[in-house]
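Mind docking chain B on chain A? Use the hints.
The primary structure of each chain is shown beneath.
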Amino acid sequence: DVKVTQSSRYLVKRTGEKVFLECVQDMDHENMFWYRQDPGLGLRLIYFSYDVKMKEKGDIPEGYSVSREKKERFSLILESASTNQTSMYLCASSRAGKNTEAFFGQGTRLTVV
Amino acid sequence: AQSVTQLDSQVPVFEEAPVELRCNYSSSVSVYLFWYVQYPNQGLQLLLKYLSGSTLVKGINGFEAEFNKSQTSFHLRKPSVHISDTAEYFCAVSAINTGNQFYFGTGTSLTVIP
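Chain order of the listed sequences is A and B. Residue numbers 21 to 133, in this note's numbering, belong to the letters of the first sequence in order. Residue numbers 1301 to 1414, in this note's numbering, belong to the letters of the second sequence in order.
For reference, chain B alone in the conformation it holds in the complex:
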């Protein structure tokens, strides 16, 4: 089975500062990796995904993530955050051999301070 650890439950950051949200996973098989964002009282929206190829993945809203197989990490970064980035962020994995189940981390609440 797979599991996901998001190391920070809350991350406050000032507007226009850079941010990194950390995600580590464990799996005995190769995985696909995802980051989702959830705005208040809404469902989850896909930010970006790693399926194969380049380990640096670019997503929507200026976010990017880097897949590091040796460290089993998939950290999310943005060089300059905006107030509108305040939201909950979830990292998720699914196994390449099935692609049928998704395992989510417990989420990181990003608060952008004016």
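Only chain A is shown next, with the shape it has when bound in the complex:
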């Protein structure tokens, strides 16, 4: 089975801190995604990556950056955390091309105080 692992289930950070959310997948998937989930808004794509060192902005990239130095690892970075970034963050991965589905991690619930 595909496994997508997010490094933390719960995080509490202070406003202005630099925050790293880590995600690792073990199925050699080309694509990796970071979503943000808020009540009533569903999942909104922050960034995705289709290869090592490649990234594309999603719908809400402002205030975030990403890093993909190795195929299995995709990091989301909040350069200076703000209270409006309090949310559930979900990482996902998928194979490139057709007939593919997304596999999700357990999520990281981030609270910025």
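Hints are supplied without guarantee of correctness; some may be wrong.
[Claimed, not checked] Chain A is faced by these chain B residues, among others (derived, beta-carbon under 10 Å):
| no. | residue |
| --- | --- |
| 1 | Val1304 |
| 2 | Ser1309 |
| 3 | Tyr1336 |
| 4 | Gln1338 |
| 5 | Asn1341 |
| 6 | Phe1402 |
| 7 | Tyr1403 |
Rather than coming from a laboratory, the hints here were simulated on the basis of the structure. The beta-carbon is built from N, C-alpha and C at its ideal position, and this holds for glycine as well.
Leaving out everything else, chain B in the frame of chain A:
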């Protein structure tokens, strides 16, 4: 681009009753369609998917969905729900020509009442 509309944000239903969760999509190209379930404080788990072939798709936990191309719909159904089906359900699409991005609806919260 693709988009997904889930028409009902909350659906309460009594235990052992049938349920239908509605999903409509818009796309200028052919799509793959998915339903995911999310239990509290967990990630999303795939329920079922439509890639091609039969328009009636069966998934896990007794759920099924029907792809209707003319109505651009992919409604999720279960003939008899259990308490354990209480969860958030998300419909998603991805384009056949790329398969690289997934677009999600805003979710439907299913509450099964004893």
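Hint by hint, here is what the structure shows:
At about 8 Å, the closest approach between the beta carbon of B:Val1304 and any beta carbon in chain A falls short of 10 Å, and the interface hint on this residue holds. Hint status for B:Ser1309: holds, given a least beta-carbon distance of 7 Å to chain A, under 10 Å. Hint status for B:Tyr1336 relative to chain A: holds, with the closest Cβ pair at about 8 Å, below 10 Å. Hint status for B:Gln1338: holds, given a least beta-carbon distance of 8 Å to chain A, under 10 Å.
Annotation: interface hint on B:Asn1341 holds; nearest CB of chain A at approximately 7 Å, less than 10 Å. Evaluation of the B:Phe1402 hint against chain A yields a held restraint, the C-beta minimum of about 5 Å falling below 10 Å. Residue-level restraint check for B:Tyr1403 holds (minimum Cβ-Cβ distance to chain A is 8 Å; threshold 10 Å).
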